[in-house]
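Asks: The residues making up each chain are set out below.
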Amino acid sequence: MRSFVDNIAQWSRFQKNRNLVIQVSFLIFVALLGTYLFSRAFQLELSLSHFRSRAGFGLSHTFLVDYTSNDSRWIAYFTGVVNTIRVCLVAIFLTTILGTIMGVARLSKNFLTSRIAWLYVEVLRNTPLLIQIIFWQIVFLQLPQISEAITFGNTTAISNRGILLPWISDNGGAQIWFIFLGIIAAGSLFLSYFLNKREDESGKYFSLAGKKVNGNLTGIIFFVLVTVVTFFAFGRPVSMDIPEIIQNNKGTWMQTGGFDLSPEFAAILFALVIYTGTFITEIVRGSIQSLSRGQTEAAEAIGLSKYQSMTLVILPQALRSIIPPLTNQFLNLTKNSSLAVVIAYPDLFMVSRTIMNNSGHALPVFFLILLTYLFLSLCISLVMNLINRRVTRIGT
Amino acid sequence: MRKIKYTLLISALFAMAAFSYACASEDSSEASSSGGSNTLQEVLDRGMLKCGVNDNLAGFGVVAADGSFSGFDIDFCKAVAAAILGDSGKVEYTPTTASNRFEALGSGEIDLLIRNTTWTASRDRELKQDFTAPTFYDGQGMMVYVDSGYNSIDDMEGATICVLQGTTTELNLDDRFTGTGMSYTPLTFETNDPLQAAFEEKRCDGWTTDKSGLASKRASFPASAGGPEALKVLPETLSKEPLGPLTRDNDSEMYDVVQWVVFGMMQAEESGINSSNVSSIASNPPNPGVARLLGASFEGGEVQDFSFGIPKDFMQKVISQVGNYGEVYDRHLVPLGLERAGSLNAMWTDGGLIYAPPFR
Chain G
1 MRSFVDNIAQ WSRFQKNRNL VIQVSFLIFV ALLGTYLFSR AFQLELSLSH
51 FRSRAGFGLS HTFLVDYTSN DSRWIAYFTG VVNTIRVCLV AIFLTTILGT
101 IMGVARLSKN FLTSRIAWLY VEVLRNTPLL IQIIFWQIVF LQLPQISEAI
151 TFGNTTAISN RGILLPWISD NGGAQIWFIF LGIIAAGSLF LSYFLNKRED
201 ESGKYFSLAG KKVNGNLTGI IFFVLVTVVT FFAFGRPVSM DIPEIIQNNK
251 GTWMQTGGFD LSPEFAAILF ALVIYTGTFI TEIVRGSIQS LSRGQTEAAE
301 AIGLSKYQSM TLVILPQALR SIIPPLTNQF LNLTKNSSLA VVIAYPDLFM
351 VSRTIMNNSG HALPVFFLIL LTYLFLSLCI SLVMNLINRR VTRIGT
Chain F
1 MRKIKYTLLI SALFAMAAFS YACASEDSSE ASSSGGSNTL QEVLDRGMLK
51 CGVNDNLAGF GVVAADGSFS GFDIDFCKAV AAAILGDSGK VEYTPTTASN
101 RFEALGSGEI DLLIRNTTWT ASRDRELKQD FTAPTFYDGQ GMMVYVDSGY
151 NSIDDMEGAT ICVLQGTTTE LNLDDRFTGT GMSYTPLTFE TNDPLQAAFE
201 EKRCDGWTTD KSGLASKRAS FPASAGGPEA LKVLPETLSK EPLGPLTRDN
251 DSEMYDVVQW VVFGMMQAEE SGINSSNVSS IASNPPNPGV ARLLGASFEG
301 GEVQDFSFGI PKDFMQKVIS QVGNYGEVYD RHLVPLGLER AGSLNAMWTD
351 GGLIYAPPFR
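Residue numbers (the working numbering), protein chains in the order written: chain G, 1 to 396; chain F, 1 to 360.
Below, simulated PhoX-like cross-link-like pairs (lysine-lysine); rule was C-alpha separation at most 25 Å, straight line:
1. Lys306/G / Lys109/G
2. Lys232/F / Lys250/G
3. Lys202/F / Lys250/G
4. Lys90/F / Lys312/F
5. Lys197/G / Lys212/G
6. Lys197/G / Lys211/G
To be clear, the hints were calculated from the coordinates, so they are not data collected in a lab. These numbers come from a predicted model, not from an experiment.
This is chain G alone, in the form it adopts within the complex (with noise of 0.2 Å):
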């Protein structure tokens, strides 16, 4: 008669048999973890129910959003999202354009070009990104105080409260105007695409006192005509809005009307498109090099000039080993943002951070925080997703 050991020795001959049960033991593990730390978790306060509540707080940066402090710890957080997708957007298309230069740069045969590329990458590359952005807070600070600002006549101030801009204010009517506008913006590129396909087709073009006007300037003229025209028309809806320092009657000097690109955020953007632009730089520069040598010959063979060759044959090309990686550059670019913290600038996890410390409910915040980022970093991976589709199916 075969014993309980002896089946038990029979029935572990088999590797199924004991990878099932390394398998199963494995899951009954990580089963107890988590139960156990979420039997800790749940014994605190989980619900977001305290988000309905007042906020009471002030935010330094309200852009789109007209936030005051009365409005509830909802609409504070909505801020710190618009501001933090504000910065995250500028910031992705800056630092695309810095890495392509500085990609197409490293590759240059002028010694110094290259040089100066190589030496962007490799410094600032390899120095952590929260230094760098407190050294360009440090920047930005040093320039003049308020009451001593740099004026150009009446269109900038600059101090180290901020830059102002000009920009335009809403006399009523904008929204409407804006709309219409877009859509006239879209008839002029049709109306450019008509005419060069008609060129290309039958020769046809127009002429202005004798000399040739193509499509791309038709479009921009009847752009810029219809633009001054519909701006009468519609009464004036918007009008320049000029930035001015003031000092009150108390002595507190202040920056009114205009564009005002904060100290705060100049600082954060500037990091941030530095910083990952050294990245994209070797992703350009690796993707480039990946390419066939025979490609740029061919192109030189063909009389291209080197403006022509890359732009027409090595790029696109290029693009297709460039997306992929550049997506994540652009994922960590987002994460990287929630560094704003530590100079002021209220982006979402600034903004959840004062929530945290007024409630005392930290955990539920967080779970907030965390979604925010996954759902900002989905979109940007859709995005990216449907270019990278674009760009690999041309020329199949």
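Using the hints provided, position chain F relative to the given structure of chain G.
Replies: Frame of chain G, contents of chain F only:
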């Protein structure tokens, strides 16, 4: 050979699973009973007090280069350790931030929180934590440059204010400005150093935090930016900020010990007992009141026992090892320029709020 190895691996995994289950079940039973836990007993069993503190506020709690902590709040941790364990050195300090301090206490990571924490109704009620007697009466103030010409917060219409995140500070600031219909721009920093950099470059017109904090920042303001003389703290006080130690809700034994150690130190000052004369007074108490406080015998009579669950002579240990309230104040807060006379932190006999209920 192979087979043995697998058998070993499998049994090891089972052992791990069993162990983790044991841990989990043990901890969860402990945690589930934490509603009415007995932290005092835990501290006695452990022989070490875990105290949550600030590690970056001059005078209240700072950590030195060698890792040792000192400050006003730290001394109250030491006093509680001296009372419970008889040794003021048996404290394990946990630096906490403004945002994680309450959860550190709630989760049992620390036994006691003494981190310049303001006693408010919502904190007392919603956080399920109890405030003991305040150790320091603070209030939020506003610091400005002398040459700004401001004499009151009412002058600061449209000003930019630097404010440190993490307390009720931003809320009090907003109440003061929007409550009186004044506009302002808050610049909210997470940490102190970037805030100071911005204030030194006059990025903001005012700097607001607790007056104790402003005093310590003003005292150490760098000469390159004008030194302490370039700054003044406006007389107005924006808020009441009673600072004191916290224990968990329904943890009466621990709560009572912490509360009465604080009161004992105040009473000791009132009775003229300090760290240098406590042993001679304890051996021959001048009156029954002092004898009750020190847990000593008055003319051979029986020693009063308040049944705190710790040695009867706990106040002797506290005073000999840490000192009375006045000594602790003088040691840490007077060097910051926080004068005691005339402030809320004077003894009640001198017109302040430092008052201990009777020891009897």
